[in-house]
Amino acid sequence: MSLLSEIFSDLFARQDHILTRMDPRTKLIIALGALCAVIFSRTAAFPLAVLVLCLAATLAVGVPKRLLGLRLAAPLGIALVLLVLQSVMAGTTPLWSFVALGAKVTVTREGLLVGLLLASRVLAGVSVMLLLSAVTPAHRIFHAMRMLGAPQGWVEIAMLMYRYIFVLLDLTAEVVAAQKVRLGYAGMRRGLSSAGQLGGTVILRAMDQAVSTNQAMRVRGYTGSIPLGPLPAFAAREGWILGAVGVALAGLFFATEALCK
Amino acid sequence: MAKGRTDFLLLLTLALALPSTGQAMHISEGILPPKWAALWYAIAIFFVAWGLRDLRVKSAREPFFKPMVGLIGAAVFVISCMPIPVPIAGTCSHPCGTGMAAILIGPTLSVVVSSVALLLQALFLAHGGLTTLGGNIVSMGIAGAFTGWAVFRLSRRAGLSPWAAAFLCGMFSDWATYAATSFELASALHGNSSFLHMFAAIGASFLPTQLPLGIFEGVVTAGVYRFIAVRRPSLLECLGVEARRCPLVPQKTGGAK
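Line by line, the protein sequences are chains A and B. Numbered according to this note's numbering, the first sequence spans residues 1 to 261. Numbered according to this note's numbering, the second sequence spans residues 1 to 257.
No wet-lab data here; the hints were simulated from the structure. As the structure is a prediction and not an experimental result, all values here were calculated from the model. Honestly, I wouldn't trust all of these hints.
[What the hints assert, rightly or not] Taking beta-carbon pairs under 10 Å as the criterion, some of the chain A residues facing chain B (in silico): (1) Gln15; (2) Asp16; (3) Leu55; (4) Glu110; (5) Gly153; (6) Met159; (7) Leu160; (8) Tyr162; (9) Ser193; (10) Gly199; (11) Pro227; (12) Leu228.
Think of the CB as a built atom: it goes at the ideal place given N, C-alpha and C, for glycine as much as any other residue.
Go ahead and model the full structure; you've got the sequences and the hints to work with.
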């Protein structure tokens, strides 16, 4: 569970770095633009370029390689599955064949290219998200989403959830440790029973916390809506950054698409 | 025959290559083509708006409701991070949690909570993504929550005990999530090959792990429900499982004249 807390922590986003100092709205718009360009790309070159740039930036911010590898493990597996699936299921031009477990498997040229494109899109998209979360605290991303039209009710729920996830993760870690000491996970039957008790405990504690939070908020004048305050003005400097990065991304997109057609 | 063998090999590859079945419930960033991503977003936005409308109406009636939904959302999110052993796959996975959320706060609010949880998972765990958020909300939030809620209600009306109803809710919400995910993936990725062929291949690749995982999620959901019902039955009344005045809601004081 401490690992989960580490993963959800916005520790790196609080460091002093050129990327962490940027307005979260600028970063969110750039991330969305990059993601759109990635899914519109027709060759693997642009997504791979985005992947390299984002991974380099994430490491430059100081995210440990171990944490980066941990976060990328699942998408890597998914990318591999996509590559295999598309290579042997799509396309008509045989590239090579092999026999496995008595069955002939044919890898096609078109399938391999589509598989590479999809795999590179997955990895590029994930790396964009990793960079965004590494340089922007979650509550600032939620605030930035208000500018893009996210409803206030949704933002309030998001901020409450994010705030209390850490409290409940700590509680869960304590309960799991206590259950393990009492052999609560020795065997399938006891494990499932312990998991049910753990889930119930977390929900009951969440309700107790909700009562306390509600009382505390009412004392501060809460009447059903959390005041989120106005968004700060968008600085001219941020506009320049947005324009420069946008032009660079567009240039990279069209150059890679033209060169690798 | 050769085709059948190739399919078998494919399913084997998929079953072995999927790093963790729990992560496979989310469609990863970049997989969905733009038109499919837009379609699932449009459907998801409608349901999220419906959930937010419910939230607004209920919290206008009772301000306690919003913190309660936020906290239950956080709890369900944490529970969805709990590892569950999957013996057939020889690995661990985690529950979706949407069935449980649907019992506790209803399906429309579960969609809202799921949308937040999915965004957090996309940002911090690299599960899912922004362009696939709509698709993931449809499969986890909408299909999972509405199926779970409907199964729970129908089971209760059919006279099943709350534990049995909670078990079926957890199990079917999990399976519905994977069925919807398979549908979304197959519709986006089948290309020139048959949609049904791709749907069957993806669905079958989930079967070895999701069949037992769905049952385990049902057991855990029933366990959670039982624990709450025994330790704090007032909570289930508060959440509308029983139509009585919620004792946890702070009562309005008479006020000074």
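We went through each hint and held it up to the structure:
{"no.": "1", "hint": "Gln15", "result": "17 Å, violated"}
{"no.": "2", "hint": "Asp16", "result": "21 Å, violated"}
{"no.": "3", "hint": "Leu55", "result": "12 Å, violated"}
{"no.": "4", "hint": "Glu110", "result": "9 Å, holds"}
{"no.": "5", "hint": "Gly153", "result": "5 Å, holds"}
{"no.": "6", "hint": "Met159", "result": "8 Å, holds"}
{"no.": "7", "hint": "Leu160", "result": "3 Å, holds"}
{"no.": "8", "hint": "Tyr162", "result": "7 Å, holds"}
{"no.": "9", "hint": "Ser193", "result": "6 Å, holds"}
{"no.": "10", "hint": "Gly199", "result": "4 Å, holds"}
{"no.": "11", "hint": "Pro227", "result": "13 Å, violated"}
{"no.": "12", "hint": "Leu228", "result": "13 Å, violated"}
Hint compliance for this structure: hints 1, 2, 3, 11 and 12 are not met, and every other hint is.
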